[in-house]
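Chemist: Next come the chains, spelled out residue by residue.
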Amino acid sequence: LAKTTQPISMDSYEGQEVNITCSHNNIATNDYITWYQQFPSQGPRFIIQGYKTKVTNEVASLFIPADRKSSTLSLPRVSLSDTAVYYCLVGGYQKVTFGTGTKLQVIP
Amino acid sequence: SAVISQKPSRDICQRGTSLTIQCQVDSQVTMMFWYRQQPGQSLTLIATANQGSEATYESGFVIDKFPISRPNLTFSTLTVSNMSPEDSSIYLCSARLAGAPGELFFGEGSRLTVL
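Chains as they are written, first to last, in the working numbering: chain A, 1 to 108; chain B, 1 to 115.
Hints in this document: simulated from the structure, not taken from any laboratory. Be careful, since some hints might not be right.
Derived DSBU-like pairs: lysine-lysine, alpha-carbon spacing no greater than 35 Å straight-line [said to hold, decoys possible]: (1) A:K3 <-> B:K7; (2) A:K69 <-> A:K52; (3) A:K54 <-> A:K69; (4) B:K65 <-> A:K95; (5) A:K69 <-> A:K3; (6) A:K52 <-> B:K7; (7) B:K7 <-> B:K65; (8) A:K69 <-> A:K103; (9) A:K69 <-> B:K7; (10) A:K54 <-> B:K7; (11) A:K69 <-> A:K95; (12) B:K65 <-> A:K52; (13) A:K3 <-> A:K95; (14) A:K54 <-> A:K95.
Bear in mind that the values here come from a model prediction, so they are computed numbers and not experimental data.
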């Protein structure tokens with residue numbers, strides 16, 4: 001299973017764009033990159049998934065360079081409700097393991 | 001998508017007793033997993049629940065302590081046996097739908113406190 005590395009914590013002001021980068025140097029050919037969001041006392045929630053290039057949905061964008069050894073989750077114009085822990089996971093159809101995650105604190 | 005229901009949502013137990021957590025999914029899923037999350041920490045995979053056969057445990061977790069059942073595609077149980085205060089944690093059930101690589105759905109978790 002590919003190991004992931006991401007910042008432990010980040011602070012951002014409301015209304016700003018937040019970019020969280022995840023390193024996954026030993027990603028396998030058939031691995032996907034998936035990001036989850038977790039609020040206190042809740043289970044993680046799927047945000048976005050990609051394999052290569054750029055993926056965008058209604059809540060976030062995911063940028064993946066050609067070598068796929070890293071990925072960047074982009075949250076546009078964050079609000080206080082985006083304060084949460086964000087996890088980057090790499091894997092395919094089998095089990096997945098969670099890294100440390102990034103605790104994002106949005107400041108008014 | 002899938003909705004995962006866990007019971008109980010929380011419980012307080014005495015040392016030496018056992019507790020079984022139930023997980024019900026509203027869709028047929030390919031894989032089910034059990035995770036443990038200590039306060040303020042990331043999730044740790046306990047095991048993969050295999051339908052009709054023994055679960056596959058991760059390093060540091062054993063069947064005698066965490067017996068798991070999965071009698072059908074949508075239901076699984078995790079038992080925490082002979083509990084000690086170190087077992088106090090949140091236990092999360094998750095599942096993956098067929099044809100959805102990497103995307104896991106999670107229950108809200110079962111918060112267990114052992115006195």
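Chemist: It remains to establish, for every hint, whether it holds in the given structure.
Modeler: Going through the hints against the structure:
1. A:K3 <-> B:K7: 32 Å, holds
2. A:K69 <-> A:K52: Since the Cα atoms of A:K69 and A:K52 sit roughly 10 Å apart, the hinted pair holds (cutoff 35 Å).
3. A:K54 <-> A:K69: Distance ~14 Å between A:K54 and A:K69 Cα, so the pair holds.
4. B:K65 <-> A:K95: 21 Å, holds
5. A:K69 <-> A:K3: OK: A:K69 and A:K3 at ~11 Å, within 35 Å.
6. A:K52 <-> B:K7: 38 Å, violated
7. B:K7 <-> B:K65: The hint holds at about 19 Å.
8. A:K69 <-> A:K103: Judged against 35 Å, a Cα distance of about 22 Å means the pair holds.
9. A:K69 <-> B:K7: Outside the cut-off at roughly 39 Å; violated.
10. A:K54 <-> B:K7: With Cα atoms ~39 Å apart, A:K54 and B:K7 exceed 35 Å; violated.
11. A:K69 <-> A:K95: Satisfied, since the Cα-Cα distance of roughly 20 Å is no more than 35 Å.
12. B:K65 <-> A:K52: 41 Å, violated
13. A:K3 <-> A:K95: This hinted pair holds, its Cα atoms lying about 13 Å apart.
14. A:K54 <-> A:K95: 24 Å, holds
Checked against the numbered hints given earlier, the structure breaks hints 6, 9, 10 and 12 and satisfies all the rest.
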